[in-house]
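Undergrad: Chain residues, written in single-letter form:
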Amino acid sequence: MRFLALIAVIITGIILIYGSVDMPDWGDPHSPASLHVSPRYIEKTMEETATPNMVTSVLADYRGYDTLGETTVIFTAGISCILILRERKRRKKRKINPKNPTNHV
Amino acid sequence: MFDLIISKYNYWIYIILMMIGFYAMIGKKNLVKKIIGMNIFQTAIILFFISTASKKGGTLPIIMHGHGAHAVKAASYINPLPHVLMLTAIVVMVSTLGVALAIVIQIYRRYNTLEENEILRLNK
Amino acid sequence: MMLQAPVLIVVIPLMFTFVALIFGLWKKGLCYPIVLIALSLSFLATLQTLNIVITSGIIHYRLGNWNPPWGIEYVVDYLNAFVLPVISFVAIMVAIYSKKSVEKELSDKVVYFYCIFLLQVTGFLGITVTGDMFNLYVFLEIASLAGYALITMGEDGAPFASFNYLIFGTIGACFYLLGVGYLYAATGSLNMADLARLLPDLYGSKVILVGFSFFMVGLAIKMALFPLHVWLPDAYTYAPSSVSALLAPLMTKVGAYVLIRVMYTVFKPYFSIEILPAATILCWIAAAAIIFGAAMALAQTDLKRMLTYILVSEVGYLALGVGLGNRNGLTGAILHILNDAFMMLALFMVVGAIMYRHGGRRISELRYLHKKMPFTMAVFVVAALSVIGIPPTCGFFSKWYLILGAINAHGWIFVAVLLASSLLNAILFFRVIENIYLEPHDGDIVENHDMVAGAEESPLTMLVPILIAGAGILSLGVLSGKIISTIIQFAIPAGF
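Protein chains in written order, with my numbering: chain A, 1 to 105; chain B, 1 to 124; chain C, 1 to 496.
No wet-lab data here; the hints were simulated from the structure. Yeah, the Cβ is synthetic: ideal placement off N, Cα and C, and Gly gets one too. Mixed in with the good hints, there may be bad ones.
To be verified - For the chain B half of the interface with chain A, some residues (derived, Cβ under 7 Å), not all of them: (1) Ile5; (2) Ser7; (3) Tyr23; (4) Gly27; (5) Thr52; (6) Val91; (7) Val99.
Using the sequences provided together with the hints, build the complete structure.
TA: Written out as structure tokens, the structure reads:
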């Protein structure tokens with residue numbers, strides 16, 4: 001089982017490194033990521049959002065909907081933890097019997 | 001070959017880190033070790049993304065002495081978009097970690113062990 | 001209000017979650033009506049969106065009024081608008097159905113259960129309606145986290161099954177994120193339409209190739225495509241009845257929708273079929289999934305576990321339709337999204353009702369059940385006929401289009417696989433139906449008879465959704481032609 005996992009990991013790593021050969025160099029100011037969408041965020045942030053911090057303006061204004069999704073993720077995780085962990089103190093420990101599944105928690 | 005390593009070594013370091021985390025997730029038998037592996041894997045992905053945002057000679061993506069009307073050149077600031085995406089990804093990572101640990105606590109309450117072999121044996 | 005319909009689909013269940021939490025902590029009984037109101041409003045919004053798409057064409061809804069690709073955009077075309085009402089309708093049916101079983105299984109956590117239920121549906125709707133790759137990742141994680149929590153609430157063995165699902169699901173989501181990252185590093189954009197415009201120049205680049213492969217593997221994990229399906233049988237068997245009834249019809253179908261989007265909208269069809277033989281590989285894996293699912297289902301003695309293996313087989317049908325790469329195959333796959341949602345909904349709701357009344361679900365214990373639960377068993381028979389593929393149930397029509405697509409692509413072995421799986425499904429279901437409709441002889445074991453003696457027909461809140469699902473299977477079969485000519489014909493991505 002560990003051998004299989006090692007093989008899978010090595011194959012995935014080789015595929016990833018093979019893919020990174022064509023990637024833009026580290027720190028390249030002419031990479032597609034730096035030329036396509038983000039110049040507008042950098043140049044127009046003061047006039048469109050009046051915020052000097054570009055990360056804030058993208059997070060809260062241009063892509064604010066992702067921030068709503070992110071807060072929903074935290075809320076989901078919080079309610080999930082309550083759902084999973086809360087236990088009534090008066091319930092006693094049940095024995096596990098997977099051959100005859102019963103349907104109450 | 002040498003200039004390939006010089007220009008792309010950041011990606012390679014993060015890929016090796018990702019693979020360490022990935023191996024821990026699928027190869028280890030202890031549940032907590034799997035969670036640690038998951039954390040390493042997701043952190044390495046976040047660092048990988050951030051490394052695509054750097055620019056030679058660029059500074060932090062905050063306009064100093066803002067509120068004055070002066071021209072802003074895109075090449076003098078690093079790319080803010082991957083940082084924003086990774087803020088969301090960090091939050092998602094922490095939430096998944098929280099839910100995973102809650103499930104592990106519930107498993108421990110029922111089986112009193114955290115080794116996968118023991119749990120599979122007790123389940124039979 | 002009508003123009004805001006695309007975003008109301010997602011926002012209404014989200015906001016009503018907070019309302020349900022606050023009012024539910026005050027009075028427990030208020031949760032259930034709030035959930036029903038939220039899901040009904042969302043269903044009306046999905047119907048309104050479908051109406052707008054049919055009459056006016058593709059909707060481009062810009063969130064925050066920023067032009068894409070600098071802002072996030074909701075793009076609703078025929079494919080989106082077709083999947084959204086399916087998700088909403090299944091969610092309403094399960095919400096109505098869940099009242100009795102949640103009160104029995106999770107009596108002290110009803111409020112939190114319904115909150116996570118609404119968040120799960122929000123996640124699915126958000127994945128389907130968005131036109132931005134990273135936004136899809138955020139909503140995918142909402143749906144996944146809610147799913148892990150819901151599955152943990154089940155019976156013995158559920159927390160460990162949910163943990164396995166968590167590890168697998170996180171690997172899948174992280175591979176998807178890696179794919180988005182590679183695509184971003186090569187193009188600089190995150191918007192689906194923008195990527196479709198920028199990518200054709202870069203089809204020879206290794207970065208794009210690796211990004212596409214990671215998308216495929218990540219989505220295969222989320223969709224439970226063989227051989228990455230191993231989390232599905234345990235997770236859906238041990239989950240509570242309402243949770244299996246919600247997740248089984250929806251999670252895999254949403255995964256198939258995202259697969260169609262990535263393979264044929266973001267990457268043009270000639271990339272997925274010719275440059276990289278992804279569609280061919282997908283066809284062979286799908287054929288293996290179909291046979292494997294049916295074969296493993298034959299070996300099960302637990303009814304719910306058998307249904308989860310049939311679900312693995314159904315995912316194989318979807319992947320086969322997507323991979324065949326012609327109009328008939330894609331028509332079959334898209335129609336099968338609708339049909340399979342209804343079939344799995346009916347089957348899992350019936351099993352939940354049996355467990356609620358009867359307490360057990362081994363196939364050998366189901367004798368004499370047709371006398372005690374006639375309507376429920378009738379719906380089970382209808383759903384079984386649909387899985388086998390007998391007209392006029394809806395399952396026949398999607399299988400018909402898949403076989404036509406396989407013939408068009410000269411894939412004779414796939415035709416053989418489809419026909420063989422119908423035969424295997426027939427053997428499978430007739431074994432169960434024979435047990436249900438058989439009356440025990442005098443010499444039979446008395447304890448079986450005693451257990452069945454207590455069972456009566458399902459409670460009303462469970463029976464009504466089951467009957468609606470059964471009626472849906474029959475009427476969708478009759479209406480298949482109309483659905484295909486008005487909606488699905490235009491939902492097939494351009495290039496076929």
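Undergrad: Would you mind marking each hint as holding or not holding in the structure?
TA: Here's how the hints hold up against the structure:
no. : hint  : verdict
1   : Ile5  : violated, 11 Å
2   : Ser7  : holds, 4 Å
3   : Tyr23 : holds, 4 Å
4   : Gly27 : holds, 4 Å
5   : Thr52 : holds, 6 Å
6   : Val91 : holds, 5 Å
7   : Val99 : holds, 5 Å
Taken one by one, the earlier hints fail for this structure only at number 1.
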